[in-house]
Amino acid sequence: DSGVTQTPKHLITATGQRVTLRCSPRSGDLSVYWYQQSLDQGLQFLIQYYNGEERAKGNILERFSAQQFPDLHSELNLSSLELGDSALYFCASSVDQQQFFGPGTRLTVL
Amino acid sequence: GENVEQHPSTLSVQEGDSAVIKCTYSDSASNYFPWYKQELGKRPQLIIDIRSNVGEKKDQRIAVTLNKTAKHFSLHITETQPEDSAVYFCAASTSGNTPLVFGKGTRLSVIA
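Chains as they are written, first to last, in this note's numbering: chain B, 19 to 128; chain L, 1337 to 1448.
No false leads were slipped in.
A short, non-exhaustive set of chain L residues, derived as facing chain B with CB atoms under 7 Å:
id: 1; residue: R1379
id: 2; residue: P1380
id: 3; residue: S1429
id: 4; residue: G1432
id: 5; residue: N1433
id: 6; residue: P1435
id: 7; residue: K1440
id: 8; residue: G1441
Treat the hints as calculated values from the structure; they're not laboratory data.
Remember, it's a predicted structure, so these values are computed and weren't measured experimentally.
Ideal Cβ positions, reconstructed from N, Cα and C, are used throughout, including at glycine.
Please put together the full structure from these sequences, using the hints given.
Spelled out as structure tokens, the structure:
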């Protein structure tokens, strides 16, 4: 157990819908990262927050957004969902450079 | 930006043999190189990491080597066991609290 938690574990929804994925970092970690992993693919960095502020953006679509709250948990919002958005979504938190991943949310868009 | 290349994409070894996975990076400013193991449907797990001020690091059956001049680093697993079968990812980053750039992964199969 890495200490990073994510909910829900699984999410099944339809095209055009909007979902919210939640992540709680390890105690004391200020940075939260979101990654997308499609079937048999690598880990694509989406976005990073550090102590409530957006720190870095990767290959995140305009339909996707995120935020980090004062208690440091983070939410990733995915809207106007398409079939191709089906993937595992991981968050990770870090202190310094070591990143620890949560168990992921498997999103299936039908 | 940083680009990380990883080879091979698949690797099969007999139980007890060694496995080596290699990565190259492009940004000479990168100074942190972790390796993650991911079993099917599970989270990536940090198994070992190395910083640019060190050339080699070992932890039991796994070791990582770093050649800063050539900008490549490698994961070595000795005495492989079936439970080592997984996808292994290398990554690189330039400083604290920055995103990791991942290689595309190596699927390791250890045949009993």
